[in-house]
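Residue numbers (the working numbering), protein chains in the order written: chain A, 1 to 110; chain B, 1001 to 1113.
Simulated from the structure, these hints should not be mistaken for lab results. In this text, all values refer to a predicted model and were calculated from it rather than measured experimentally. There may be inaccurate statements among the hints.
Unchecked claim - Stretches of chain B that chain A covers, calculated by requiring three or more beta carbons in the stretch to come under 8 Å of a beta carbon on chain A:
#, region
1, 1034-1042
2, 1045-1053
3, 1104-1113
Backbone N, C-alpha and C fix where the C-beta goes; we use that ideal spot for every residue, glycine too.
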Amino acid sequence: TQLLEQSPQFLSIQEGENLTVYCNSSSVFSSLQWYRQEPGEGPVLLVTVVTGGEVKKLKRLTFQFGDARKDSSLHITAAQPGDTGLYLCAGSNTGNQFYFGTGTSLTVIP
Amino acid sequence: NAGVTQTPKFQVLKTGQSMTLQCAQDMNHEYMSWYRQDPGMGLRLIHYSVGAGITDQGEVPNGYNVSRSTTEDFPLRLLSAAPSQTSVYFCASSYSTVGNTIYFGEGSWLTVV
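Looking at chain B on its own, in the form it has when it is part of the complex:
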């Protein structure tokens, strides 16, 4: 039972480079989201999706793009990496938002130099 799988686990980027963090879930969840976690800031929502073909912005969307072509996959793209995007990124999924368990991936540690 894979749950939520995100890759890569670790990545170092140079300022200005682009990259994609991959996320896949095998639980047939409609709701998927990306968070970043920084010390003392908890988890902040970047983008979310309530189903295939539907995406929306969260609290901190600038510098990131997402797409949801299938129910299973929700990649996060960094368009032009900046040092301020150094963080730990978590992909998550749930059946819906209200009262349902959020399942998280193991995290992706991104450093932008």
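Excised from the complex, chain A in its bound form:
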């Protein structure tokens, strides 16, 4: 059972376009994180959100945690080829496990 579902699974856009990736669950999480993974490497943390409704910005990336702490979104403005990669959301709760989403593979075409 996949606790965190991401959509879309694949996304191919032109440089300069905007995009949004969604991470949804029926479970409540104490915190939610977004990671980016490049080919041949392990995932690297982008952001952690812990408060329902919280919005964090990292340059052209905007992250939002849902009010009920069950979902999150990642919005990229004016995508660049360097944004290409696999984006993973991960949730943690009071149990001792991190749950990862199914992943969104983003390709930004120059």
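Dock chain B against chain A, hints included.
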């Protein structure tokens, strides 16, 4: 600053063989875990440990064993390799689970033929 180091990077096994994937971290993290990554499946938790001497099962533990004799090391053992265990394996560590950064190793590509 080594972070999380896992070896080997690549391995080919025959069905039925056993092997151990090594993982070490130098950040004094209590929490360590092993994931496997398959296309379209994201990262699935195999086993995890919240401290030396303590291990527990994740989502997909069958066919794998772990031990945590020290804070630094968390090896993953494949008891009798099967083709279904062909995957990329990641070791990870963090200070704790809630709200803390997970640091990943570079991955181990395992093929079982």
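Hint-by-hint comparison with the structure:
1. Judged by the Cβ-Cβ criterion of 8 Å, the region 1034-1042 of chain B is covered by chain A as claimed, because 4 of its residues qualify and three suffice.
2. Counting residues of the region 1045-1053 of chain B whose C-beta sits closer than 8 Å to any C-beta of chain A gives 3, which meets the bar of three, so the coverage hint holds.
3. By the rule of at least three residues with a Cβ nearer than 8 Å to a Cβ of chain A, the coverage given for the region 1104-1113 of chain B holds, with 4 such residues.
The structure is consistent with each of the numbered hints, conforming to all of them.
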